[in-house]
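*Asks:* All residue numbers for the first sequence refer to the numbering used here, where the first residue is 1 and numbers rise by one.
Just so you know, the hints here were simulated from the structure itself, not pulled from any lab data. We treat Cβ as the ideally placed atom computed from N, Cα and C, and that holds for glycine. Hints are supplied without guarantee of correctness; some may be wrong.
Each pair of labels, with its calculated beta carbon distance range [claimed, not checked]:
#1 LEU147 / ASN346: 55 to 61 Å
#2 VAL289 / ALA411: 22 to 28 Å
#3 ALA67 / ALA411: 41 to 47 Å
#4 TRP520 / ARG205: 36 to 42 Å
#5 ASP615 / GLN305: 41 to 47 Å
#6 ASP349 / ASP620: 50 to 56 Å
Here are the simulated DSBU-like pairs of lysine-lysine, each with C-alpha atoms no more than 35 Å apart in a straight line [what the hints assert, rightly or not]:
#7 LYS515 / LYS400
#8 LYS515 / LYS585
#9 LYS400 / LYS42
#10 LYS585 / LYS27
#11 LYS321 / LYS466
#12 LYS27 / LYS42
#13 LYS515 / LYS466
#14 LYS551 / LYS588
#15 LYS321 / LYS394
#16 LYS582 / LYS27
#17 LYS383 / LYS400
#18 LYS466 / LYS427
#19 LYS400 / LYS287
#20 LYS567 / LYS551
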Amino acid sequence: MGQRLGYLLDQAKEVDFTSATGGTRGKGSSMKLSQLYLPTLKERPAEAEVVSHQLMLRSGMIRKLAAGIYTYLPLGTRVLAKLNQIIRAEMNAAGAQEIIMPFVQPRELWEESGRWQHYGRELLRIKDRHDHEFCLGPTHEEVITDLIRGEVRSYRQLPINLYQIQSKFRDEIRPRFGLMRGREFIMKDAYSFDVDEESSAVSYRAMYRAYGRIFARCGLRFRAVEADTGSIGGNFSHEFMVLAETGEDTVVNCSHCRYAANLEKAEMAPVYNEADTGDENLSAGLKEVLTPGQKTVEEVALFLQIQPRDLVKTIIFSTDKGPVAALVRGDHEISPAKLRTYLGANTLDLADEQLVVEATGAPTGFAGAVGLPIPIYADHSVKGMSGVVMGANKKDYHFKNVNIDRDVKIAGFTDIRMAEEGAPCPKPGCSGRLVFSRGIEVGHVFRLGTKYSAAMKAGYLDAEGKERPAVMGCYGIGVGRTMAASVEQNHDADGIIWPMPLTPFQVLILPVSVKPGEVWTAANELYLRLVEAGFDVLLDDRDDRPGVKFKDADLVGIPVRITIGPKALQEQSVEMRDRRTKETKLIKLNQVVDEIKARIRNEMDEIGAALTAIDQAAVDL
RNA sequence: CGGGACGUGGCGCAGCCUGGUAGCGCACCUGCCUUGGGCGCAGGGGGCCGCUGGUUCAAAUCCAGUCGUCCCGACCA
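Taking the hints into account, I'd like the entire structure generated from these sequences.
*Replies:* See the structure below:
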């Protein structure tokens, strides 16, 4: 585990955003490709499915050791170092302090929080030689809370915010997609402790803002969205999503206002059942109809010759507060996360067959809300529906002509359906529509409240001398995943395209020949000059054919490539190529430094503008 | 954990159905040649065919078990 300290080693320099040049301070770092451990792959490794995984393997950034466990090679490590540098700068600026907590954690701590039982098989448990039980830390709430409770006694010592950049281990059911979902992965995690909710909200806003700055400084296109808190607990959270076509998550945002949420959480302005079913007579009474073996909405709709929207689905869930039923229109999807939040339940799972039979008296597929003895919650869109079809709680039967208001006892109407693209924005007065896009979750901020501090007795004495639990927040960034997300967002058919702030090197010098001669001499002179000027420079001094070097250059994705060939050199010129735009231009040797500076400044100015926008935006959380 | 697939030189794969000599491309080594987009020619090295057991005169190939890996689902930074 000693190598973990390696994260502290930081060769990457701080990029100076304030300088007019947008360049870097001091001398740049340098490397000759012949000395660099850079095993590139021509072919796609069979194990890699997603593009970031393929490209990071092919470009020699990472190698797999076991399922979901990776080594970072020199180039990957350089990217990590730059990313970590940005994270540290922003975390420190936001008032957090860096620490390093143990990776191996004792069972007792996890029993105190109750998670030794609840965390499940994701928690990798091990025994030492004395048969004492430990786990590999999947997260560090327990350790940090233990640390704090030992030292913090007074409100005068709060607030405090501590963070670390460390490996975590989660024995994922199915690791996949390379760094996107590993079992061992690097995470930046921060924990804040405050005297009360109000102060905790201040800490939260500081982190929210810091996160925005971090991802903006990485040069990534991202969005902060409202999110569900899931099993970590708490009641308020945001996810930071890097936008990429290949993202696993759906990001919902408003076409007009700044509303944004993840799919399971996204709300819609209530739409009441505007579509009357037409033929059905409102006064018609309930009618039982035979629907042998017709279980799904599609089957029943087809069988009865109606539209799915004329049906109401009844879904049974088991929660820590007992079984409940949820009602949505046949053509709608339910969001379990919304229901769980609405109920204030800790757990909510789809009922198994046995519970469905117990609750409804019928096998799955025939559940209905009429006369159902458990609490029933319905989506807004169900309100006022009449003449609809619903399960009859009896095998092979459904009801027709159900009138919700008349026939069903609803415990509450609320928004529990999955948002749909084009639905009206939930913000009052906003006329926008919901738009969907794809994203990769790279950061998540939570307000935890006192869940852990209360359970583990991390309290302090307030001004009145009264013992109170500290109010916590926790804030994570998937560091390796952010790196992968950058590749997902920035690549083309030839390889990676690094954003300037994360790139392992800013400039690649590619002499067409390394035989003694003018080309080679010019390449070396330029190399020294660019390093002196402060750039991070890689020199491809390998004695290979130019084609090989060009292919590797594109694969690895250094943003600026300077090609030195005999013809242009006659004119005291070299070729400068922009990896992103593929623009190529001849520039004079004595212009190279200025041209590269301009190129870097160009990209940094965009980032600067994004930062300004973040700083000026109101954080109305 | 349920469903699917795959383990054959460093990488990508064929061979397996129909048992008998382990093969191709890339990479690697030597020499020549070439030098602006993964050149060309010649020579060469490297594989317990994931592992264990069974069937057989004989197993990469058939059978059983086991381990590993990947994909789809339920979970997550």
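*Asks:* Determine for every hint whether it applies to the structure shown.
*Replies:* Evaluated hints:
1. Checking the proposed 55 to 61 Å range against LEU147 and ASN346 shows it is violated: the Cβ atoms sit about 26 Å from each other.
2. Between VAL289 and ALA411 the C-beta distance comes to about 27 Å, which sits within the given range of 22 to 28 Å.
3. Taken as a hint, the range 41 to 47 Å holds for the pair ALA67 and ALA411, whose Cβ atoms sit roughly 45 Å apart.
4. At about 55 Å, the beta-carbon gap between TRP520 and ARG205 misses the expected band of 36 to 42 Å.
5. Taking the beta carbon of each, ASP615 and GLN305 are about 59 Å apart, not inside 41 to 47 Å as hinted.
6. Our hint of 50 to 56 Å for ASP349 and ASP620 is violated, since their Cβ atoms are close to 34 Å apart.
7. Only pairs whose Cα atoms come within 35 Å are accepted, and LYS515 paired with LYS400 is rejected, the gap being roughly 86 Å.
8. Between LYS515 and LYS585 the CA atoms are separated by roughly 25 Å; this keeps the pair inside 35 Å, and the hint holds.
9. Distance restraint check for LYS400 and LYS42: the Cα-Cα separation of roughly 63 Å exceeds the 35 Å cut-off, and the hinted pair is therefore not satisfied.
10. Distance check on the hinted pair: LYS585 and LYS27 sit about 26 Å apart at the alpha-carbon level, within 35 Å; holds.
11. Taking the CA atoms of LYS321 and LYS466, the gap is near 33 Å; set against the 35 Å cutoff, the hint holds.
12. With a CA separation close to 34 Å, the supplied pair LYS27 and LYS42 stays within the 35 Å bound.
13. In summary, the hint linking LYS515 to LYS466 is not supported, as the alpha carbons are separated by about 78 Å, beyond the 35 Å threshold.
14. Using a Cα cut-off of 35 Å, the hinted pair LYS551 and LYS588 holds, with the two alpha carbons roughly 25 Å apart.
15. Only pairs whose Cα atoms come within 35 Å are accepted, and LYS321 paired with LYS394 is accepted, the gap being roughly 25 Å.
16. At most 35 Å may separate the alpha-carbon atoms for a hinted pair to count; LYS582 and LYS27 meet this at roughly 28 Å.
17. Restraint check for LYS383 and LYS400: the C-alpha separation of about 17 Å stays at or below 35 Å, so the hint holds.
18. Of the supplied pair hints, the one linking LYS466 and LYS427 is violated, its CA atoms being roughly 41 Å apart against a limit of 35 Å.
19. This hinted pair checks out: LYS400 and LYS287 have alpha carbons roughly 5 Å apart, not beyond 35 Å.
20. Using a Cα cut-off of 35 Å, the hinted pair LYS567 and LYS551 holds, with the two alpha carbons roughly 21 Å apart.
Going down the numbered hints, you'll see the structure goes against 1, 4, 5, 6, 7, 9, 13 and 18, while the others check out.
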